[in-house]
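Student: One-letter residues, chain by chain:
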Amino acid sequence: GNSVTQMEGPVTLSEEAFLTINCTYTATGYPSLFWYVQYPGEGLQLLLKATKADDKGSNKGFEATYRKETTSFHLEKGSVQVSDSAVYFCPSEGGTASKLTFGTGTRLQVTL
Amino acid sequence: DTGVSQDPRHKITKRGQNVTFRCDPISEHNRLYWYRQTLGQGPEFLTYFQNEAQLEKSRLLSDRFSAERPKGSFSTLEIQRTEQGDSAMYLCASSLTGGVVVSPLHFGNGTRLTVT
Numbered sequence: 001g002n003s004v005t006q007m008e009g010p011v012t013l014s015e016e017a018f019l020t021i022n023c024t025y026t027a028t029g030y031p032s033l034f035w036y037v038q039y040p041g042e043g044l045q046l047l048l049k050a051t052k053a054d055d056k057g058s059n060k061g062f063e064a065t066y067r068k069e070t071t072s073f074h075l076e077k078g079s080v081q082v083s084d085s086a087v088y089f090c091p092s093e094g095g096t097a098s099k100l101t102f103g104t105g106t107r108l109q110v111t112l
Numbered sequence: 001d002t003g004v005s006q007d008p009r010h011k012i013t014k015r016g017q018n019v020t021f022r023c024d025p026i027s028e029h030n031r032l033y034w035y036r037q038t039l040g041q042g043p044e045f046l047t048y049f050q051n052e053a054q055l056e057k058s059r060l061l062s063d064r065f066s067a068e069r070p071k072g073s074f075s076t077l078e079i080q081r082t083e084q085g086d087s088a089m090y091l092c093a094s095s096l097t098g099g100v101v102v103s104p105l106h107f108g109n110g111t112r113l114t115v116t
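These protein sequence lines map, in sequence, to chains A and B. Per our numbering, residue 1 is the first one in the first sequence, and the count goes up by one each step. Per our numbering, residue 1 is the first one in the second sequence, and the count goes up by one each step.
Bear in mind the hints are in silico, worked out from the structure with no lab data behind them. Note that this is a predicted model, so its numbers are computed, not measured. Think of the CB as a built atom: it goes at the ideal place given N, C-alpha and C, for glycine as much as any other residue. There could be a bad hint or two in this list.
As the list claims (entries may be wrong) - Which residues of chain B face chain A? A partial, calculated answer using Cβ under 7 Å:
id, residue
1, GLY42
2, PHE45
3, PRO70
4, PRO104
5, PHE107
6, GLY108
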């Protein structure tokens, strides 16, 4: 089945620093890929997605490119803010059920 | 806002009591999922519905758990004879199927259950 390996946290950055959270996948075929974000006390929000190779998803200054050659979907942001402090998830897609399987996520803490 | 709505947001109950949570998905979404999330972990899949049919249940879903989606719209998740280990955030998500592309799941804000 499909699976993802996500960079472990926590990640602590100063405001305006560059962010990369690594996510690599193994899959048969070409799964859709997603990044979700969970702010404290809230549910998960879809941050961005990509459905095919070379697609770039972007939202709120975050970007991730579906790279087939490296089987990666790394999340990047050029200048993080304190308000970006949250847990970020790169789930794997579970075949015909469209079911997403989540790991423990990567906690990001941004300080002033 | 027509996102996924969950009720209640918080529930505190004594061990052995029954609890029921409700989820209202995005109106045009035909799939509805339940997940459970404990502190410091990612969400774990419990079950999902396509319209009113419950198509998959995780082995995490013991006999004390039952979920329904009677008219293919809202869903309820009931836990009977609650145990302290049931304390968690229960998340509902919905999606729209169609084509070969995975439809993103849209999550509600969850119901936090505390069993004392």
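Student: Against each hint, give a clear statement of whether it holds in the structure.
Tutor: Structure-based check of all given hints:
no., hint, in the structure
1, GLY42, "holds (3 Å)"
2, PHE45, "holds (6 Å)"
3, PRO70, "violated (21 Å)"
4, PRO104, "holds (5 Å)"
5, PHE107, "holds (4 Å)"
6, GLY108, "holds (5 Å)"
Hint violations for this structure: number 3 only, all remaining hints satisfied.
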